[in-house]
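Which chain is which? The protein sequence lines are A and B, in order.
Numbering-wise (my numbering), the first sequence opens with residue 406 and increments by one.
Numbering-wise (my numbering), the second sequence opens with residue 406 and increments by one.
Hints were generated in silico from the structure; no laboratory data involved.
Take the hints with a grain of salt, since some may be wrong.
The list treats identical chains as interchangeable, and a pair is accepted whether it falls inside one copy or across any two copies.
Stated by the list, open to error - Below are the DSS-like pairs computed for lysine-lysine, each with C-alpha atoms no more than 27 Å apart in a straight line:
hint : residue 1 : residue 2
1    : LYS773    : LYS453
2    : LYS721    : LYS590
3    : LYS688    : LYS645
4    : LYS590    : LYS645
5    : LYS770    : LYS688
As the structure is a computational prediction, the values presented were derived from the model and not from experiment.
2 protein chains.
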Amino acid sequence: MSSTPSFAPLRNDTFLRACLRQATDHTPVWLMRQAGRYLPEYCATRAKAGSFMGLATNVDYATEVTLQPLERYPLDAAILFSDILTVPDAMGLGLSFAQGEGPRFATAVRDEAAVAKLAVPDMDKLRYVFDAVTSIRKALDGRVPLIGFSGSPWTLACYMVEGAGSDDYRLVKTMLYSRPDLMHKILQVNADAVATYLNTQIDAGAQAVMIFDSWGGVLADGAFQQFSLAYTARVLAQLKHTGVDGQVVPRIVFTKGGGLWLEEMGQLDCDVLGLDWTVNLGKARALVGAHKALQGNIDPNVLFAPPAAIEAEVKKVLESFGAPHRDPATQGPTHIFNLGHGISQYTPPEHVAALVQAVHEHSRKMRK
Amino acid sequence: MSSTPSFAPLRNDTFLRACLRQATDHTPVWLMRQAGRYLPEYCATRAKAGSFMGLATNVDYATEVTLQPLERYPLDAAILFSDILTVPDAMGLGLSFAQGEGPRFATAVRDEAAVAKLAVPDMDKLRYVFDAVTSIRKALDGRVPLIGFSGSPWTLACYMVEGAGSDDYRLVKTMLYSRPDLMHKILQVNADAVATYLNTQIDAGAQAVMIFDSWGGVLADGAFQQFSLAYTARVLAQLKHTGVDGQVVPRIVFTKGGGLWLEEMGQLDCDVLGLDWTVNLGKARALVGAHKALQGNIDPNVLFAPPAAIEAEVKKVLESFGAPHRDPATQGPTHIFNLGHGISQYTPPEHVAALVQAVHEHSRKMRK
Chain A
406 MSSTPSFAPL
416 RNDTFLRACL
426 RQATDHTPVW
436 LMRQAGRYLP
446 EYCATRAKAG
456 SFMGLATNVD
466 YATEVTLQPL
476 ERYPLDAAIL
486 FSDILTVPDA
496 MGLGLSFAQG
506 EGPRFATAVR
516 DEAAVAKLAV
526 PDMDKLRYVF
536 DAVTSIRKAL
546 DGRVPLIGFS
556 GSPWTLACYM
566 VEGAGSDDYR
576 LVKTMLYSRP
586 DLMHKILQVN
596 ADAVATYLNT
606 QIDAGAQAVM
616 IFDSWGGVLA
626 DGAFQQFSLA
636 YTARVLAQLK
646 HTGVDGQVVP
656 RIVFTKGGGL
666 WLEEMGQLDC
676 DVLGLDWTVN
686 LGKARALVGA
696 HKALQGNIDP
706 NVLFAPPAAI
716 EAEVKKVLES
726 FGAPHRDPAT
736 QGPTHIFNLG
746 HGISQYTPPE
756 HVAALVQAVH
766 EHSRKMRK
Chain B
406 MSSTPSFAPL
416 RNDTFLRACL
426 RQATDHTPVW
436 LMRQAGRYLP
446 EYCATRAKAG
456 SFMGLATNVD
466 YATEVTLQPL
476 ERYPLDAAIL
486 FSDILTVPDA
496 MGLGLSFAQG
506 EGPRFATAVR
516 DEAAVAKLAV
526 PDMDKLRYVF
536 DAVTSIRKAL
546 DGRVPLIGFS
556 GSPWTLACYM
566 VEGAGSDDYR
576 LVKTMLYSRP
586 DLMHKILQVN
596 ADAVATYLNT
606 QIDAGAQAVM
616 IFDSWGGVLA
626 DGAFQQFSLA
636 YTARVLAQLK
646 HTGVDGQVVP
656 RIVFTKGGGL
666 WLEEMGQLDC
676 DVLGLDWTVN
686 LGKARALVGA
696 HKALQGNIDP
706 NVLFAPPAAI
716 EAEVKKVLES
726 FGAPHRDPAT
736 QGPTHIFNLG
746 HGISQYTPPE
756 HVAALVQAVH
766 EHSRKMRK
C-alpha cells in the first residue's frame, strides 16, 4: 500500500464502541460468515466467479458479496469476504476448494524439510486481500465498520499439517506430541505471518481485526496454552493499535471450544473475546467482563426454528449477558451479539431478519 | 434372565474401589474402545463375523474381542463389546454400519408420527447383549470387573433424528428449537429404555455401568441442562444400586465436551464423572472431587508419539489430578486413568503397553 487511503466518516459506530467497552444504545450484531451460501444473491455472484477462490481473489466480487447481507439486514458491522487459509496459500501450499468439500492444500507440511521451507510470505501475494479491504471500505461509505481477519497460528497449522479438514487432528497432534520443536517452528512462522497480514489489512482500511482460532478447542489442557494461546499472544504483541484514520483498531479473539480457558484468555492483549454457545455469558462476564467485551454466542441452529422461537432464544442470550453498562463516560461490560459459529448454508434468509430485529429491539428495551 | 447367574470372586478390585473413592495402591486404567480395530486380533475376529453387528450380536465373538486387550495389557477393567445404538435398533429403527462409514438407521425419527411410535423396546430384542454380559463375566473369571454401558438419552436422540452421524446436528437441533415437545417425548422414552437396558445388564452380571453422553457437548448452555443432563438424571434415578452378587454397582457418566458444566454434573446421582482432555483434572477435582471419582483424560493422539513422550504425558495427567487420598478407612478424591475419547484405529498396539505401564508405575510412585 504505497499511499494511505482515505475514507468517508463512520455513521454507525455502535460495534466499535461496544468493542472498546463504551456504552451504546443497543447491542450491536453481526454474524460470522454473514456473506455466505444461505443468500441466493451470494450464490449468484459465486456462480459468476466460478469458484470460491475466484470469488475471494476478485476485488469486485469480494466487495459485492461483503455488502450483500447489509442490503438485507441492519447489521452493525461488515466483515471482509475472504478465507482463513489465504496465508498458508501465499506460503506456497496451494489452496483449493473442491466442489462440496472443504479446503485442501496441494502440499502438506509434515516433516523437517517441509517445515524448514516455511517463511512469512511476501505480502504482495496477498495483495488481492488488501485491495478488497480498501474497495469494501470505500463501498461501505461509512455505513458500518469493516472487520479484517485471519486464522490463528494454531488453526492454520492444523490445515497445513493435515492438508485438509480433519475429524481427529491425528497428523497435527502426532507432530505436536512427537516433534514439538517442528510444531513450534511452524507456529512461530505462522504468528509472524498473521501479524504482518493483519497489519497490512489495517493499513488498507480495516477498522477492527479478528483472529479465528477455530480449532483451539481440540487441544488438551496444557497443550492449548502452549501451542495456541501463546502464538495468538505473539500475533497480538505485533499488531498496530491505530488504523489509517487514526482510530483505535479493536482486536477480537475467538477460540471455538475455548470456554474452559476463559480466565487465561482474559489476560490476552485484545479487546473482545468471541464465545461459542456452550458458554454462559453471565458466567463469562463475571470472569472477564471487566477487562474484555464479549462477542457471541447463539447456536446457529436456532435459525432453523420459527421466528417466535428465534426471538425467545435471542432474549435468553441477551439476558444471560445481562444489562450492559450505560455510563458514556466510563468503560464497562459490553456485549456484541453474534452466532457461536458461522451461519449454516441452509438458513432461511428471512429468519436472519427476525434475529437481527430481535437483538436490536430487545437490547434497547433492556437499557430502559 | 430367568435365573441369577453366579460368578467367580473378583481378584482385582482396584477399578471398583477407585469408582467408590476408596484408596488403591495404584491408579486403575482402562481405555475407551479398548477392544477395537487397532488390535490385529480384533480385526481377525471381525473378519470372521462379517460385520460390526455380526460381531456384537454373536455372544462368542463379543466375548472373544472383549478379552483380547486384557491378554495384551494389564488393564484394570473390561468393558462389554457392543455399540451405543443397540437400544434405538431394538426400537425398530434398523441399525447398520456400512463399510468405512459410521452407524446409520434405516428409519429416522423426524416428525410427530414417528415420535408417537416410539416405546421402550422389549428387552428380549436385546438378549444378545445380556447374554454377552454373562458370557464375558464368566470368561473373565474374576480377573477384573466388567463395565456395562449405554448411550445417553440425548446422544441416542441425535442419531435417531439425524439418522446417522452429523457434523452440525442441524436436524436434531431444528427439532429441539422448533418442537421441544417432540424432543422431550423422545428423551423420556430413551431415558426409560436406557434405564431398563442398564438394569438388565446389571442383572446379567455387569459390575459397573457407564452412560456415554458423546454428544452432550454440542448443546448450548441451557439446552444441555434441559435436554441432556435432565434425562441422564432420569436414567440414574431408575438404576439398581447392587449387582447379582450383592456388590454396589458404580455409575459413570461421561459427557464429551461437558467440561463447562462440571459443577452441575457434580450434582448427578452417580459415582464417577468421565472427562475429556480439554479439562484440567486438578481444577475438576477442586470442583467435584469431594463427591465424585474422576475418569480420564489423556488425548488419544498422545499414543502416536514415541513411548518416552507417552510416559511424559501420562505423568502430566496423573500429576494434574494430584495425589489420590491414601486412607483406606475413608472416601476421598480418586482418579481412574483413561483416554478422553475412544482409542484411534491407527494406534500402534505397543504404544498402549507403554501407556498402561506408565500409569501403573508412576501412580505407585506418587503414593509413596
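From the Cα coordinates, with 27 Å as the cut-off, is the pair LYS721 and LYS590 best called within, between, both, or neither? between (43 Å within a copy, 23 Å between copies)
As a check of your reading, is LYS773 near LYS453 (CA-CA no more than 27 Å) within one copy, between copies, both or neither? neither (47 Å within a copy, 71 Å between copies)
I want to check one pair: LYS770 and LYS688. Are their C-alpha atoms no more than 27 Å apart within a copy, between two copies, both, or neither? within (22 Å within a copy, 39 Å between copies)
One pair to classify: LYS590 and LYS645, alpha carbons no more than 27 Å apart. Within, between, both, or neither? within (24 Å within a copy, 54 Å between copies)
Between LYS688 and LYS645, at a C-alpha cutoff of 27 Å, which is it: within one copy, between copies, both, or neither? neither (31 Å within a copy, 36 Å between copies)
Checked against the numbered hints above, the structure breaks hints 1 and 3 and satisfies the rest.
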